[in-house]
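Place chains B and C on chain A using the hints.
Protein chains in written order, with the numbering used here: chain A, 1 to 360; chain B, 361 to 675; chain C, 676 to 1020.
Note that these hints are calculated values from the structure, not bench results. Check each hint, because a few of them may be wrong.
[To be verified] Okay, the calculated beta carbon distance ranges per label pair:
hint : chain 1 : residue 1 : chain 2 : residue 2 : range
1    : B       : PHE487    : A       : SER158    : 45 to 51 Å
2    : A       : PRO107    : C       : ASN931    : 28 to 34 Å
3    : A       : PHE298    : B       : VAL494    : 56 to 62 Å
4    : B       : VAL422    : C       : THR755    : 53 to 59 Å
5    : A       : GLN309    : B       : PHE487    : 49 to 55 Å
All C-beta atoms in this analysis are idealised placements derived from N, C-alpha and C, irrespective of residue type, glycine included.
This is what each chain is made of:
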Amino acid sequence: MTSPPILEVRDLAVAFATDDGTVQAVDGVSFDLRAGEVLAVVGESGCGKSVTAMTLLGLTRSSNARFSGTATYGDTELIAASDEEMRRIRGAEIAMVFQDAMAALNPVQRVGHQIAEQIQAHEEISDADARDRSVGLLERVGIPRARERIDAYPHEFSGGMRQRVMIALALSCDPRILIADEPTTALDVTIQAQILERFRELREQTNAALILVTHDLGVVADIADRVAVMYAGRIVEYGTLDEIFYDPRHPYTWGLLGSIARMDRPRPKRLPTIAGLPPSLADRPAGCHLRPRCPHEFAECTEVPPLEQRGPTVTGDAAHTDRCWLPYERKVALREFQPGEIGLGAKTAVPLPQPQKGAA
Amino acid sequence: MGRFIVRRLIAMIAVLFAISVVTFSIFNVIPNSDPALRLAGRNQTPAQLDAIRRTWGFDKPVYVQYVKTMQKIFTGDLISYANQVDVDKEIIQDVPRTFSLAIGAALMWMAFAVAIGLYTAVKAGRFADRFLTVLALIGISMPVFWIGALMNYYLGFKWKLFPNGGYVPLTENPVDWLYHMILPWTALSLLFIGVYSRVLRSNVLDTINDDYVRTARAKGLSERQVLLRHVLRNSLIPIVTLWGLDFAAVIGGGAILTETVFDLQGVGQYAAESVGQLDIPPVLAIVMFGAFFVVLLNTVVDIVYAALDPRIRLS
Amino acid sequence: MAVEPATELTFGDPGVLAGEDPRDRVAGLGPWRLALRRLRRNKIALAFAALFVLIVLVCLAAPLYADHIAHTDPFKNHLTDQIKINGKLTDVVAPDGVPIGPTWQGRFLLGADGNGRDIAVRLLYGGRTSLLIGAGAAIGTVLLSILFGTLAGFFRGWADTVISRSLDILWAFPPLLLGLALGTALALGGLKIGPISIAGDSKLIPILIIAIVQVPYMARPLRGQVLGLREKEFVEAARAQGAGPLQIMFSEILPNLVSTIVVFFPLMVVNAIGLEAALSFLGAGVRAPNPSWGTILGEGIQRIVTAPHQTIVPGLMLVLTVLSLNVFGDGVRDAFDPRAKVRAR
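Chain A on its own, in the form it takes in the complex (with noise of 0.2 Å):
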């Protein structure tokens, strides 16, 4: 993976302003995307993904809202383009997917309609042929009878298929990156196999690179190369799938591991949580925002942690990066309470996965 990144993220920050009081939503935030790369951004609800991944595509655009830092996408940069520069690249360089299909659509108009509306809008192109597309794109992500399906309204299908009508609007023009914000939180456990199985064939039929944004684990553990974890506005660990699940270097990381129920251990009496609450994002607590809660903090952590490498680099290109303090060497201590188990503080432990053999 040594192409050059397609989207360059660097310190991306948003607020918005309140009656009561400033929200800083997104604090920091950087990474890169690569082409056909899937990267999946984890973290608890209020952490500021949905944000980050909305603000992407201007969509967070408001007069209450302020913005810094960049989003380079090629030419554009995203953040300080104009309107009229994002609504061209709206739908047909970034799409999105996002989480309630039955909310998102519009319930009265026909999803042949809504999905040629985009075609149309970016394309010159007739209705009659703007229709054969859709029905085409209905084809491609698996829904049955596409030709008469097409003129059925929103309601008139199960969730797992209106979440395929999403995917397939999303598609319509080629786009070059993919965001879906969770796409699968809606849908029972078997329909979210069978859209992660569409990512995937996307995935190496478009070599389009995908930006999941998604708080459940193993759906990430199912699909993302890279994994940017996030925590109360900032990324607090960022690296590969392997390297987060395998050599985690952030004790919130260790904590959403350690929570992960495991079909291969005996059932524990409760799962195992991070004890406190996730700061509101009016009123953070300075320094590292997982102070309060973080049963390994010292001296050092009222000062910000920088996003930065601190410990060997395993895999890939890209460096591993985390927001913690700690010196590596106590970390691998610290995450471990007995041998292969892994969690955020104690009587939290969980086993540690063995790493496959190639599983690289």
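Just chains B and C now, with coordinates in the frame of chain A:
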């Protein structure tokens, strides 16, 4: 869709029947006085009273009275005892005037309400929004007959910018017809513009934050396309039902007051004058036809609504 | 390898564990307190509420005004009287029938009407009538709507069918027309239901008419809300505790309806006042010579050509009253739900 229409029509007929019964009860059952006296109004000679009792069947059981009353209304046999006028004929003559007023006003208020509602929603919170909202609130607070009378007096009588009331049939002289209708249309619209622009504003503000609008933007549509094709269209759907209801209410309500003030001699004014003279037969007929019209219009609106919003058809 | 499953968990106060700052705790405010706080912040709504209260007080003080300032009563004709304005003696009603306009003095402050009566005095007395009818009718609507809406929504089945169909039929009649019909029908002999009989010219008749005419507009939303409420868990819980239907209605359902009622009430009063004005204007509500804003306007509009002040002044008072109530009602609605879609008629 076809089955939906049939179901609605059957329901409609049942309601129409119930309305006729209720109207009949209002006039001939509930009140605590001699029905013949009531009907005779001011002309109460004993001979007159006897004649009334016979033709209306007040000496017979209630259901016979009901049948006789309905017969009279629907066969054009209804006479107003105050001035010996054939009520049904009078109503038919007056209907075009009332419809001119109602339809014109309805078009006017919809046009202004959509424009103002959309504008204030897009500029929500800013000065233009607040200012127009205040105007809308004032519009809602003015009694239509008061503002109508003032408009007629100042613009019509005193400054002679418009005719001083009256009506010219469309078939006689379209320009004059329009000239005479502008003031009544405006007076009648003011109230409804106030109400509807605020409802539309509220709908648009809700819709503009809906997920599918965000999707529309993500597709790369221009802001104007998003507003018109997605926001406005979806915001208007609930308005259609309201509009249907209010149009019928206008015919039966606001029109009465406006016609009286501008002397348009429509059905509403006929009702008002009859009320003033305590002349019951016209009021009886007009109330029933008014309710009929409301039900008819509601059914049509329901069907249109189902055509616009496919989710409704399932019910 | 047997692993000790995680048994203990930090279920103690997570805040203390995390070293939480006590300032981070947000005291939970119930919906009433939140609404009240929002309303308090809405200065404009409060200002107009004060204006409305002022108007009500002034109208209530009508007898005081009539006796001490205007020195007359609402029915007394002063057709042949003369009063002193700026030292000159003027006819209250000129020989050609034109009454004097506002004198801005104690007597005939706002002028006289065609019959030589003091407009200001009549306006205040009329206000009492109109406000009484408006409030009375609105209260009547609320009570009837609660009754029918709750019965229909809670018991469903045939009770719901009967009530809902009846409401539908009532709704089919355009309100003003229905009011005219009832007003005309009841004018002569009044109303007699069993032992209760009401005279034809009693104020109770317009109150009843307007109350009934407005019921569908409130009963339906209430019924809808009751339908939703009865499925909620706290109702099930009450049922499981053995509470009978009446008890559930009073202790679980009604309290939740209160916020809807509070939001609707100003609108109902506004509509009732408007309906009374229209009905009285047309002669089917309050009847002349009794003063109400509707009858006063009716008389004024008849003479608008000769004495426009007789129309303008009473109308302005009515507009101010309705406007202040509208603005306050808006504020109440916003306070309870900033995104409410209550329909204002």
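Outcome of the hint check:
Range check, PHE487(B) to SER158(A): about 48 Å between beta-carbon atoms, so the 45 to 51 Å window is met. Range check, PRO107(A) to ASN931(C): Cβ separation about 29 Å, and the 28 to 34 Å hint holds. A hinted range of 56 to 62 Å for the beta carbons of PHE298(A) and VAL494(B) is consistent with their spacing of about 60 Å. Checked against the hint of 53 to 59 Å, the pair VAL422(B) and THR755(C) passes, with Cβ atoms roughly 54 Å apart.
One distance hint, 49 to 55 Å for the beta-carbon pair GLN309(A) and PHE487(B), holds here, with the actual separation near 53 Å.
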